[in-house]
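Visitor: Quick mapping for you: the protein sequence lines, in order, are chains A and B.
End of the first sequence = 152 in the working numbering, gap-free, step of one.
End of the second sequence = 139 in the working numbering, gap-free, step of one.
Since the hints were derived computationally from the structure, they do not count as laboratory data.
Beta carbons are placed, not taken as given, at the ideal position from N, Cα and C, and that holds for glycine.
Keep in mind that a hint or two might mislead.
Partial list, derived from the structure: chain A residues whose beta carbon lies under 7 angstroms from chain B [unchecked claim]:
1) F55
2) Q57
3) V74
4) G80
5) G82
6) E87
7) Y88
From the derived model, a few chain A residues whose C-beta atoms are all more than 10 angstroms from chain B [stated by the list, open to error]:
8) T85
9) T90
10) A111
11) L121
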Amino acid sequence: MKRFGRFSRGLSLAAVLLSTLGAALAGGCDTYHYYDITINSMSPVTVTETSSMNFCQVLVSGAASDNIPLTMNVGCPPVGSGIGTIEYATFADSGNITFTFNGYSQQVDPAMLCTTASKTLQASDTITQMATITLTSFNDTNCPPHVTTGTP
Amino acid sequence: MLPPRKRTRGSQATALALFLAALTVVVSTPWSSACAAEDEETPKASAPDTNQVEDSDKPKDKSLLSRQPADAAVAQQNQANDEAFYQKWQFWAITGAVVVGVVGIIYGGSKLYHSLNGGDVRPCNPSFIGCYGQGEPNP
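Work out the full structure: start from the sequences and follow the hints.
Guide: The structure is reproduced here in structure tokens:
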């Protein structure tokens with residue numbers, strides 16, 4: 001009976017230790033924060049110009065860091081003035097997060113950079129923040145339009 | 001020669017018959033010496049020996065001789081002590097409880113861990129061109 005008692009106490013101790021270990025592993029608490037970034041263009045940038053961009057990317061910097069490529073059938077090349085909206089999820093809830101849109105004619109190359117624009121947001125406890133990046137300039141030298149006619 | 005021989009054999013048979021009859025009478029007679037000898041060899045158990053039959057230490061109260069519940073409990077306890085620990089139902093009850101508890105802790109702990117680490121990212125809005133960042137399937 002004493003052996004059984006010791007065995008029972010051993011099992012109970014193991015269960016307590018396992019619980020403690022699980023609680024220790026579960027330390028920390030993260031909450032997703034979402035940033036809905038809408039990208040569009042406006043005059044004087046025309047759809048004809050933006051349609052020449054074959055590779056786009058959104059760089060995330062600051063409180064979060066990421067590189068989001070937007071390739072064929074995923075926002076680039078744009079089919080209109082509104083490129084679209086991306087949602088970026090991060091646990092960051094403090095500091096500044098900067099979203100930078102870069103449009104290239106073919107690939108990531110400063111000589112092929114067509115347009116760039118950015119937006120900085122203050123990370124906070126807000127679950128969802130929305131912002132708009134508007135393209136207001138276009139480098140026709142780096143990205144000559146494919147079509148001579150178009151409407152803004 | 002033949003007649004005298006017949007008479008001799010008949011007289012011998014007669015004498016032998018008489019002897020056997022007398023011997024039978026002597027043996028079967030209770031007061032004969034033969035019976036007396038047998039009677040003397042019989043055990044004297046017919047006479048009760050009070051010292052051997054009666055236990056003076058045995059209590060007169062029969063209730064004291066009956067098995068008490070405590071005796072049964074002690075006997076059962078002794079039998080239980082002889083069992084190995086894995087033969088006890090308590091062992092399997094506690095083992096089962098511990099196994100269920102460990103599985104519950106692992107399952108609940110993983111769920112809690114996942115929840116404390118943000119849980120599941122919310123579904124992507126189909127009108128968006130993509131969802132990215134932590135927890136998202138897109139790189």
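Visitor: Indicate, hint by hint, whether the structure satisfies it.
Guide: Results of checking the hints against the structure:
1. F55: violated, 14 angstroms
2. Q57: violated, 11 angstroms
3. V74: Since chain B brings a Cβ to about 6 angstroms from V74 (chain A), closer than 7 angstroms, the hint holds.
4. G80: violated, 12 angstroms
5. G82: It is violated, given that the least Cβ distance between G82 (chain A) and chain B is near 10 angstroms, above 7 angstroms.
6. E87: Status holds, d = 4 angstroms.
7. Y88: holds, 4 angstroms
8. T85: violated, 5 angstroms
9. T90: violated, 5 angstroms
10. A111: holds, 26 angstroms
11. L121: holds, 13 angstroms
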